[in-house]
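Chain residues, written in single-letter form:
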Amino acid sequence: MPKDQEILTAKAQAKEDKARTESRKAVDQSFASLVIHQYKKNKIALAAFYVVIFLFVIAIFADFLAYDKPIMAKYNGTLYFPIVKDYLTGLRLDSWTNDLVNTDWKDLEAQGKLSSTIWPPIKYWYKNQDLVHNTAPPGGDHLLGTDYIGRDVLSGIIHGSRIALTIGFLSMAIAIFLGVIFGAIAGFYGGWIDTSISFVIEVIMTLPTLFLILTITAIVPGSIWLVMGLIGFVSSPGIARFTRGEFLRIRNMEYVAAATAAGLSNRRVIFRHVLPNSLAPILVTAAFGIAGAILTEAGLSYLGFGVPPDIVTWGSVLNQAREQISAWWLAVFPGFMIFLAVLCYNLVGDGLRDALDPRLRD
Amino acid sequence: MIQYIIRRVLLFIPKLIVITFIAFGIIHLAPGDPAELKAGIGGEGAMRGNQQLNEDNIKQIRAQWHLDKPIWFWTILTDEKDSLGRLKPMSERWTFKLNGFDNQYILWLKDIIRGDFGKSFQDNRNVMDKIWERIPITILLAIISIFLSYLIAIPLGIYSATHQDTLTDKISTVTVFILYSLPGFWVATMAIIFFGGGDFLAWFPNNGLHSMNISPDDPWMTRTLDYIWHLILPIAVLTYSSFSFLSRQLRGSMLEVIRQDYIRTARAKGLSNKMVVYKHALRNSLIPIVTIIAYILPALVGGALIVEVIFSIPGVGQLAFQALIARDFPLILAEFFLSSVLTLVGLLIADVLYSVVDPRIAFSRKTA
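Top line first, the protein sequences correspond to chains C and Z.
In terms of numbering that gives the first Met the number 0, the first sequence opens at residue 0 and continues consecutively.
In terms of numbering that gives the first Met the number 0, the second sequence opens at residue 0 and continues consecutively.
One or more hints might be untrue.
Derived DSS-like pairs: lysine-lysine, alpha-carbon spacing no greater than 25 Å straight-line [stated by the list, open to error]:
| no. | chain 1 | residue 1 | chain 2 | residue 2 |
| --- | --- | --- | --- | --- |
| 1 | C | 84 | C | 112 |
| 2 | Z | 169 | Z | 96 |
| 3 | C | 122 | C | 73 |
| 4 | C | 73 | C | 40 |
| 5 | C | 40 | Z | 268 |
| 6 | C | 42 | Z | 169 |
| 7 | C | 122 | C | 105 |
| 8 | Z | 169 | C | 39 |
| 9 | Z | 118 | Z | 58 |
In case anyone wonders, no lab produced these hints; they're calculated from the structure.
Just so it is clear, the structure is predicted and the values come from calculations on it, not from any experiment.
Please model the entire structure based on the sequences and the hints provided.
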């Protein structure tokens, strides 16, 4: 027997073994890691995901990016962390001494009373009115200009991201909560329960969404919570219908029958066996839903409804551009932020859908 | 098929009734007495002129709107606020009173069935008259933009799908995705600022439908051109969003269809590429596109709201916006009700069209 042959077979054997372990590894991979792996291949979707994270970081650290007090400053020999102190004061854990309660820290600095100060990159809070520089174009003190009462546009955009993301996320959370519960009940139990829930879903779906929210916010005094609840409510039927379909499909699978046969309660079957398997597609709907919610909220503020006027949102800054058509900076920057957020959530939704699609897997 | 349509129409009625509940409920969300609001002394209590006159006025309004009748079929009274009431056991605190059919809801419903939505708070004109005179311009905008978006979307969708993964396809897919995510109100504002006479270009007018210096005596050509000149920006804004949506849908469904066995069969029997694409693939991929009809009808009332407001086009959407600002409840209610009904009708038409273009859909077994 020639030795070469042996070596060749041994090599082939090794190759086969390796392939087998690899394929076993692929089988062993959890569904989530498979989806993440698949998602990462899509470079645009991955970039969009990073932008989403970036927006989150901006929203969380908004006060450290744009505020009218320094992050750190030494005054009269004491070291202060005014922004942190403001947070603690808000939580009633700390309070300002009388001499500092209404101080303008910029004045103190101008008088040379502060040392070792660290200011946030933007020295304006979104509510600060700079009456000298109202309707100022970008450049100079205000990087992206100011509005008609001298509020800094960049600061407004940074703080506005909080409203946009809060409304986007919480309204989708409300929609998913309502939608999954009613969709699951309808799909799992069927019969008259399904018929009646489906009827309600169809009725809500025929309501003109934007007009309904506009009407209610025009009648009832607006607040972020109201807008959030309304957007969540009108987006819930879509998710409910989707969940119902998934449940109808999964309900008839063998493993559900097995779980029921094993004597598990309905609640356990729903939450432990059916729901986890229908959750992934719901996530896709949620990603698109967040984009939709951000867009709806911006549209409402743009029209001057919804969020109260003293709160700055992307939409409300854009709204001012309607009256002042030469103030282009009031339209370009906030509008771009709305566009960026909507685009990225749409891209994430798209990427997630492709990553979950088994037909696109290799 | 006919049976299916009849069943859909029958289901239409309970949905309509539920919508009347919602519309009626929304109106009663409003704080304060509508009659006082109308007489101008509600809210902050402004304009307290002649008390006697106001009271007569209010009484008259109350009778006109049936506000002197109970609101609903029944009333549930509680004794909670009464100090004696609080001593009673829970079950005795509630009093249930049946009001019968002589209530505000039924009277309001009767008016609506007669097509009477009441009079506008703003100018005391009939609400339906106000809406009717605004409808033609909204319909015109909708028809033009829908026609244009189909005109662009269909060839683009076909090209993208048949040339999948080429550079042109990639560019057009990305462009369409970006367009799809662009907020319409931002694009409209930017269009006004950069092309409508801000500090930049003044190529297009930024509001209304006619120039100030155009009179009805001007020649027909001049007036039409002026009209078109005013409509270019609003129609562009309305069109780009619907065309990006349409062409995304078409590309997706076309890609699905092209993978089917019958397309391979068509190719295998030697049909030209053109025949395969237009005769076999396109027809089947148009099916989901047809249902978009469902969105067209409600768009006539509500969809163009933002664009009409931004470009000051006197359509139904702008009317609705003015009504919201002025809290003109009869007008708001009428617009809300009409757009809900139109959505219902649109969904019905879409379902029926679906079964016409796709005979595979068996409606007899489907519970609507």
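Now for the hints, and whether the structure bears them out:
Between residue 84 of chain C and residue 112 of chain C the CA atoms are separated by roughly 19 Å; this keeps the pair inside 25 Å, and the hint holds. A distance of roughly 67 Å separates the Cα atoms of residue 169 of chain Z and residue 96 of chain Z; the hinted pair therefore is violated under the 25 Å criterion. Straight-line distance between C-alpha atoms of residue 122 of chain C and residue 73 of chain C comes to about 17 Å, which keeps the hinted pair within the 25 Å bound. Of the pairs offered as hints, the one joining residue 73 of chain C and residue 40 of chain C is violated, with about 50 Å between alpha carbons and a cut-off of 25 Å exceeded.
Only pairs whose Cα atoms come within 25 Å are accepted, and residue 40 of chain C paired with residue 268 of chain Z is rejected, the gap being roughly 38 Å. Of the supplied pair hints, the one linking residue 42 of chain C and residue 169 of chain Z holds, its CA atoms being roughly 14 Å apart against a limit of 25 Å. At roughly 9 Å between alpha-carbon atoms, residue 122 of chain C and residue 105 of chain C fall within 25 Å of each other, so this suggested pair holds. Between residue 169 of chain Z and residue 39 of chain C, the direct Cα distance comes to roughly 19 Å. Compliance with the 25 Å bound is thereby established for this hinted pair.
The hinted pair formed by residue 118 of chain Z and residue 58 of chain Z meets the criterion: a straight-line CA distance of about 17 Å does not exceed 25 Å.
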